[in-house]
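Working from the sequences, and respecting the hints, build out all of it.
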Amino acid sequence: MLDFDAGKYAPYVWGAFAVTALVLGGLVVSSLSFARRWRKRAEELGRK
Amino acid sequence: MIPAPAFLTNPERFMAFSRWAAPLLGAIAVVLAAVGLYLAFSAPEDYQQGDTVRIMFIHIGAAWMCMFIYVCLGVASFLGVVFRHALADAAAAAAAPLGAGFTFLTLATGSLWGRPMWGAWWVWDARLTSVLVLFLFYLAYIALRASLDDEAKASRAAGILAMVGLVNLPIVHFSVEWWNSLHQGASVFRGEGPAMPPEYWIPVILVALGYMAGFGSLWLVRIRGEVWKRRAEVAALRAARA
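Line order of the protein sequences matches chains A and B. Letter 41 of the first sequence, counting from 1, is numbered 40 in numbering that gives the first Met the number 0, and no numbers are missing. Letter 157 of the second sequence, counting from 1, is numbered 156 in numbering that gives the first Met the number 0, and no numbers are missing.
Treat each hint with caution, since some may be false.
Unchecked claim - Straight line, CA to CA, 25 angstroms or less: simulated SDA-like cross-link-like pairs of lysine to any residue:
1. B/K228 x B/I141
2. A/K39 x B/R240
3. A/K39 x B/P10
4. A/K39 x B/P197
5. B/K228 x B/M14
6. B/K228 x A/L44
7. B/K228 x A/G6
Stated by the list, open to error - Listed next, the stretches of chain B that the computed footprint assigns to chain A, with coverage defined by at least 3 CB atoms under 8 angstroms from CB atoms of chain A:
8. 129-136
9. 146-152
10. 170-183
11. 219-225
Just so you know, the hints here were simulated from the structure itself, not pulled from any lab data. By construction, the Cβ of each residue, glycine as well, lies at the ideal position given by its N, Cα and C atoms.
Okay, here's the thing in structure tokens:
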């Protein structure tokens, strides 16, 4: 049985999960965009 | 020269290996984190911490990761500085932002747990302070690499800084034993077994393994980006000379 009711501690518990989601999401997006940007650049320059 | 698997020393083989390994590790991370979080929200409230115990499921793994990633950064820096290994240098550059992210996560989730449990967002405790120093080492590494135009000098200077920072890791780990600390000691990996019931330590381990697989995936993605960056720089130089 899942228990999502954090009672009086909800701001801390959900705050921690929100920060985690934001940071991990940020790391995923920044890593993929970094790799994509340089791959594109390398391919562009490689064609010249 | 230290022997290493061919896929870690040859950029071509590394690119072929990481092409399938990165998405595979990413998928493993999602599955482990999903199962870990399901168990985390199925676990009963702690009799002392109440619902704030759920913060521990995401905090403990992040704390392990910020130290583990620094070991990766230190070893890669050593190989990059001493053996001038280009892929090791790329691995060091790729690890630092991920380590900084996990260290920030450790500090932020710890603070959100500390406020209701300790009555303070922050205390200048040995463990908290040494983790803050670890975070500053990550930031200094990133800033130093970005501040020098000469790529070789930047990677060498940042690599030396990363190796110096390895000294901080035993301080982080043993701070709770060496000093009177508000922070609790090891509660999962102990000689006498975990200090918590399986309902708690199993999700802690699963989320931590999910973090580990996620780091592995993103590390490979970032190293691939670093390899392409170097290829682009070489191609730009060739184009400028032509």
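Hint check:
About 16 angstroms separates the Cα atoms of B/K228 and B/I141, which keeps this hinted pair within 25 angstroms; it holds. As the CA atoms of A/K39 and B/R240 are separated by approximately 21 angstroms, the hinted pair is consistent with the 25 angstroms bound. Between A/K39 and B/P10 the alpha-carbon distance is near 18 angstroms, which keeps this suggested pair within the 25 angstroms criterion. Restraint check: the Cα-Cα separation between A/K39 and B/P197 comes to about 47 angstroms, which exceeds 25 angstroms; the hinted pair is violated.
For the hint pairing B/K228 with B/M14, the CA-to-CA distance comes to about 13 angstroms; that is within 25 angstroms, so the pair holds. Simply put, B/K228 and A/L44 have alpha-carbon atoms about 11 angstroms apart, close enough for the 25 angstroms limit, and the pair holds. With a C-alpha separation of about 49 angstroms, the suggested pairing of B/K228 with A/G6 is violated against the 25 angstroms cut-off. Beta-carbon proximity to chain A at under 8 angstroms applies to 0 residues in the segment 129-136 of chain B; the threshold of 3 is not reached and the given coverage is violated.
Only residues whose C-beta sits within less than 8 angstroms of a C-beta in chain A count toward coverage, and the segment 146-152 of chain B has 0 of them, not enough to reach three; the restraint is violated. Beta-carbon proximity to chain A at under 8 angstroms applies to 0 residues in the segment 170-183 of chain B; the threshold of 3 is not reached and the given coverage is violated. Coverage of a stretch by a chain is defined here by at least three residues with a beta carbon nearer than 8 angstroms to that chain's beta carbons; for the segment 219-225 of chain B and chain A the count is 5, and the condition holds.
Hint compliance for this structure: hints 4, 7, 8, 9 and 10 are broken, all remaining hints hold.
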